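Per our numbering, residue 1 is the first one in the sequence shown, and the count goes up by one each step.
The hints are simulated quantities; they were obtained by calculation from the structure and are not laboratory data.
Bear in mind that the values here come from a model prediction, so they are computed numbers and not experimental data.
Cβ coordinates follow ideal geometry from the N, Cα and C atoms, glycine included.
Treat the hints with caution; some may be incorrect.
[Said to hold, decoys possible] Computed spacing ranges between beta-carbons, pair by pair:
1) Ser-193 <-> Gly-342: 25 to 31 Å
2) Leu-192 <-> Trp-428: 27 to 33 Å
3) Ala-219 <-> Ala-194: 35 to 41 Å
4) Val-296 <-> Val-334: 18 to 24 Å
5) Tyr-204 <-> Leu-337: 48 to 54 Å
6) Thr-244 <-> Val-214: 20 to 26 Å
7) Leu-292 <-> Arg-314: 46 to 52 Å
8) Ala-219 <-> Thr-283: 37 to 43 Å
9) Ser-161 <-> Phe-117: 27 to 33 Å
10) Phe-117 <-> Gly-342: 35 to 41 Å
11) Ser-199 <-> Thr-65: 21 to 27 Å
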Amino acid sequence: MGSSTTATERDARLVNARDHRVNPGEIAIGVIIGRTSEFFDFFVYAIASVIVFPKLVFPYLDPLTGTLWSFAIFALAFVARPVGSMLFMAIDRAHGRGAKLTLSLFLLGTSTVAIAFLPSYEQIGAAAIWLLAAARIGQGLALGGAWDGLASLLALNAPESRRGWYAMIPQLGAPIGLIVASALFAYFAGNLSAEDFFSWGWRYPFFVAFAINVVALFARLRIVVTPEYTHLFESRELQPVPVTEMLRNEGMRVVLGAFAPLASFALFHMVTVFPLSWIFLYTQDTPADFLLIEVVGAFFGLGAIIASGWIADRIGRRTLLGSCAAAIAVFSGVAPLLLNGGPLGELVFMIVGFVILGLSFGQSSGVVTSGFTQRYRYTGAAITSDLAWLFGAGFAPLVALVLSANYGLFSAGAYLLSGAVCTLLALWLNKTLAK
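Build out the structure end to end from the sequences listed, making use of the hints.
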C-alpha cells in the first residue's frame, strides 16, 4: 500500500509540476471545493434525519420519538470524528497526505452510498438501525480524516492585513452545501408522491453526494501532492504530529479554541437542522416549503460570511466574534417567537439567524487555527475543530428538540444562550485568541 501510494503521489507531482505556481487563490479554490463536499454530505444526512429516517427506520415509534432517535444517530458522526482524525493522522505520517485523503474520502463516499441503499425497517427489521448507525460512524471517521491542512496553509499565507478575509474562505462551503442539499430535497419532496419519495426519491441526494466527493478528491489531490505544496507544507511545518504530544504542549489552546466558536456552532444547527424538525413535527407547513425558506436564508448567510472577512479586517476578528456572540444571546430570546410566528416569522427567523450565523461562523475557522505554534498547527487545528463541532453542534438538534418538546421553544433559546456565554467566556479567558 505504501509503495503504491508513493508512486501515485510521485506521478501526480510530475503531472502538476509544469507551469504550477503556488498562490493563495489556488489554495482557496481547493478549500472551498473540499468544504462544500463535506457540508453537502452533512446537510443531506441532516435533512434526511428529519424527514426520512424517522419513518423509514423508526416506523414503530411516534414521530417525535423517532426523530429524537434519528438525531441520536446523527450525533454519532461527531463522536467518531476525533477518532478519525487520530487514525488518519497516523496514516498521514506513515504513507503521506495523498493516501490519507484518498482513503478518508473513499470511506466517506462508501458510507454515503451505503445510506442511499439502506433498506427500511419493514424490510430487515432492527438491522436497518444498526446499518444506519454504522454508516454514520463511517462518515464521522472519514470527516476526521478529510482534514487536509489547506485552511491552515491558507491562513499562514494570508497577508497580515487580510487575515479575516482569508479566514472566511473555508466557511463558504457551508451555505453552498446547504443550498444545494435543501434545493434537491425540496425538489424531490415537492414533486413526488409520498410513496415514491420514501421509496426512492430521498436516495438521489446521497448519490449526488458520492459524485461530489469524487470531484472533491481529485481537486484536492491535485493541490496537496504537487512538489510546490509539499515543500510549502514542510517549510511551514504543517506536518502531522502525535496527538498526545500536541495535547501535552498545546492542550489549553485546544480547550479554549474548541469553546470559543461554540456560539456560532450551536447557532449553526439552530437555524438549519432543529427548525426543520420543529416545523415538520408541530406545524402544517410542508418540508419542501420550509427547505426553500432555508435556501433563501442560506443565500443571506453566504453574503454575511463574505462580509465577515471585510469587517474582521477592519475591527478585528476578536471584536467581531464577541459582538456576534452578544447578538446570538439577544437572538436566543426572540428566536422562539419568530419560529412560532407563522410563515412570515419563519422567514424572518431564517434571514436574521443566517446573517448573524454568517458573520460569526465566517471567522470561526480563524479562532480554531489561531494561537498554535507552527509545529502543532496542523494537528491542533484538526483536533480543535473536531471538538468544537462535537461540543457545539453534535448534540444540538437532539438537545434543542428534547427541551422544546418538553418545556417549549424558549428552553431551546436558553440552550443557544449557553453557547453564547461559553464563547464570551473563552474570549475573556484568552486575550490573544482570534487576534
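Hint check results:
1. Ser-193 <-> Gly-342: 25 to 31 Å: Hint holds: Cβ distance 27 Å, inside 25 to 31 Å.
2. Leu-192 <-> Trp-428: 27 to 33 Å: This hint is violated: roughly 51 Å between Cβ atoms.
3. Ala-219 <-> Ala-194: 35 to 41 Å: About 37 Å separates the Cβ atoms of Ala-219 and Ala-194, which means 35 to 41 Å holds.
4. Val-296 <-> Val-334: 18 to 24 Å: 19 Å, holds
5. Tyr-204 <-> Leu-337: 48 to 54 Å: 36 Å, violated
6. Thr-244 <-> Val-214: 20 to 26 Å: At roughly 34 Å between Cβ atoms, Val-214 and Thr-244 fall outside 20 to 26 Å, so the hint is violated.
7. Leu-292 <-> Arg-314: 46 to 52 Å: 34 Å, violated
8. Ala-219 <-> Thr-283: 37 to 43 Å: Holds, since Ala-219 and Thr-283 (Cβ atoms, about 40 Å apart) stay within the stated range.
9. Ser-161 <-> Phe-117: 27 to 33 Å: 50 Å Cβ-Cβ, so the 27 to 33 Å window is violated.
10. Phe-117 <-> Gly-342: 35 to 41 Å: 39 Å, holds
11. Ser-199 <-> Thr-65: 21 to 27 Å: With a Cβ separation near 23 Å, Ser-199 and Thr-65 satisfy 21 to 27 Å, so the hint holds.
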